[in-house]
Amino acid sequence: MTTFYKLALSLILFVFTTLSIAQTTLYVSPSGSNGNDGSQAAPFQTIQFALSQITTATTIEIMVGTYTEYLYLDGKVGTATEPNVIKPFGNDAVIIDGGGSNATSGDALLFISNSAYLTIENITFKNIISNYVSGVNINTNCQNITLNNCTVKGVHFSNNPAENVTSFKKAYPLVVLGSSATNANRNIAILNSEIADCRTGYSEGLTISGNVDSFLIEGNSVHNIANIGIVASGHYGICSDPTLDMARHGIIRNNQVSNCKSPIATAGGIYIDGSTMISVENNICRDGQVGFSIGCENKGKETSFVQLINNVAYGNSRAGIVVGGFSYPTTTGKVTKCVVSGNTLYDNDKDNTWTGELNMTYCENVTVKNNIFYATNPYNVMSFYKKDNGTGNVLDYNLYYSTGGNETSIYGYNDADIKTLEAFKTTSNFEEHSSFANPYFKNEMTYDFHLVDSSNA
Numbered sequence: 047m048t049t050f051y052k053l054a055l056s057l058i059l060f061v062f063t064t065l066s067i068a069q070t071t072l073y074v075s076p077s078g079s080n081g082n083d084g085s086q087a088a089p090f091q092t093i094q095f096a097l098s099q100i101t102t103a104t105t106i107e108i109m110v111g112t113y114t115e116y117l118y119l120d121g122k123v124g125t126a127t128e129p130n131v132i133k134p135f136g137n138d139a140v141i142i143d144g145g146g147s148n149a150t151s152g153d154a155l156l157f158i159s160n161s162a163y164l165t166i167e168n169i170t171f172k173n174i175i176s177n178y179v180s181g182v183n184i185n186t187n188c189q190n191i192t193l194n195n196c197t198v199k200g201v202h203f204s205n206n207p208a209e210n211v212t213s214f215k216k217a218y219p220l221v222v223l224g225s226s227a228t229n230a231n232r233n234i235a236i237l238n239s240e241i242a243d244c245r246t247g248y249s250e251g252l253t254i255s256g257n258v259d260s261f262l263i264e265g266n267s268v269h270n271i272a273n274i275g276i277v278a279s280g281h282y283g284i285c286s287d288p289t290l291d292m293a294r295h296g297i298i299r300n301n302q303v304s305n306c307k308s309p310i311a312t313a314g315g316i317y318i319d320g321s322t323m324i325s326v327e328n329n330i331c332r333d334g335q336v337g338f339s340i341g342c343e344n345k346g347k348e349t350s351f352v353q354l355i356n357n358v359a360y361g362n363s364r365a366g367i368v369v370g371g372f373s374y375p376t377t378t379g380k381v382t383k384c385v386v387s388g389n390t391l392y393d394n395d396k397d398n399t400w401t402g403e404l405n406m407t408y409c410e411n412v413t414v415k416n417n418i419f420y421a422t423n424p425y426n427v428m429s430f431y432k433k434d435n436g437t438g439n440v441l442d443y444n445l446y447y448s449t450g451g452n453e454t455s456i457y458g459y460n461d462a463d464i465k466t467l468e469a470f471k472t473t474s475n476f477e478e479h480s481s482f483a484n485p486y487f488k489n490e491m492t493y494d495f496h497l498v499d500s501s502n503a
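Numbers 47 to 503, taken from the working numbering, label the letters of the sequence shown in order.
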């Protein structure tokens, strides 16, 4: 835990320290001209031209309007005391609109590379449609980049909502890709933003992948994504050095993720896949397919040192939490040295898929403690597929409950359906100190999962 607290402190100091000196301010207006001097009285016309004028300690203030531009920012480096800032003028509403299906493969509404100490805030990015497009793409060799209170929506891999999804069809609403083997993307913060209404194909709503070392994803709303909501991943060849090709030292907290569903697979609201040293805390994942998932899709690799703590998952069509390599060692990697603690799961597996509230496949040295698993499906509470699904795993001090009662509650273990928690304890040697009882939430019908004073939890 100490490592995560130190990381959190360093990220918070990065995000909220502003010590700018001798800031230059440039202005942009749809009624301006790129022949102007960029002053408030004589603003530039296009944002891209203003970006080309950035030096250290430059603030660009954009006046109200819809700007149909694809923005490219490369090699713009501020400092800790003299950062660069891109924001609206006052409270003006600023929209970067991609013009729909006018985009071509690889386009982005905002592409950032080789830049540092940059903040983008209070801007809407929307309406870009083509295969392999991005809303906001924070790419190679970027450090100390903050995106705050922005909106990204309407990013689609095709303008045909009925087009079939394949592994070659992708769109990235907000993506951080560390492709450099020399310089990691570091201190990336995505804060208080909305990512919504995107058909992403095989991609995700918010993607962190490749050589990304230290990031903070906090306070965001991710919803109506046609696949995974938020992912921190690794081992996909983004970075040429395989020892660096994974997101690491990251915090994902206080985010709301809802209605993220794939038409061809099972999407997690928040998914940790092939990354390491990640803390996922105080998030809500609801009304999707899987709530939270810790997995590893790439054979021979692993996901490690993930803390999944104090989260809530409810109303998902499959499991609230999934942990493990689902086909290890044949086609997937494994999950190891992770902690699942303090989470509340309610009314998941609504499609009766027998994944239960908690679903575990192959993992090693994973601890699952002090969680509440409340199943409204009266049968399947938890599934732990095989007796030999790893070593060193600990399940204990959890509270289980099913509206069907203990006698009808089923715990899947080693290809058998075991009724009652007591029988599961005897058969599996797990859950020695766990109990079956109603936790007594304040009001589960309104999804208030605070506990009453007389709670059994």
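Treat the hints loosely; a few may be bogus.
Claimed, not checked - Restricting the straight-line Cα-Cα distance to at most 30 Å, the calculated cross-link-like pairs of lysine-lysine (BS3-like) are:
1. Lys415 / Lys465
2. Lys133 / Lys199
3. Lys307 / Lys345
4. Lys347 / Lys415
5. Lys383 / Lys307
6. Lys345 / Lys215
7. Lys347 / Lys199
8. Lys396 / Lys465
9. Lys347 / Lys307
10. Lys415 / Lys396
11. Lys396 / Lys307
12. Lys215 / Lys347
13. Lys215 / Lys307
14. Lys199 / Lys215
15. Lys415 / Lys345
16. Lys488 / Lys383
17. Lys488 / Lys465
18. Lys471 / Lys415
19. Lys345 / Lys383
Treat the hints as calculated values from the structure; they're not laboratory data.
Checked hints:
1. Lys415 / Lys465: holds, 21 Å
2. Lys133 / Lys199: holds, 18 Å
3. Lys307 / Lys345: Distance of about 25 Å is within 30 Å: holds.
4. Lys347 / Lys415: holds, 25 Å
5. Lys383 / Lys307: holds, 28 Å
6. Lys345 / Lys215: Status holds; Cα separation ~22 Å.
7. Lys347 / Lys199: violated, 33 Å
8. Lys396 / Lys465: holds, 20 Å
9. Lys347 / Lys307: Distance of about 26 Å is within 30 Å: holds.
10. Lys415 / Lys396: holds, 24 Å
11. Lys396 / Lys307: Since the Cα atoms of Lys396 and Lys307 sit roughly 14 Å apart, the hinted pair holds (cutoff 30 Å).
12. Lys215 / Lys347: holds, 25 Å
13. Lys215 / Lys307: Measuring from Cα to Cα gives roughly 16 Å; hence the hint holds.
14. Lys199 / Lys215: Satisfied, since the Cα-Cα distance of roughly 18 Å is no more than 30 Å.
15. Lys415 / Lys345: Given pair Lys415, Lys345 holds - Cα atoms ~28 Å apart, limit 30 Å.
16. Lys488 / Lys383: violated, 34 Å
17. Lys488 / Lys465: holds, 28 Å
18. Lys471 / Lys415: holds, 14 Å
19. Lys345 / Lys383: Roughly 18 Å between the alpha carbons, so the hint for Lys345 and Lys383 holds.
Hints 7 and 16 from the list above are not met by this structure, while the remaining hints are.
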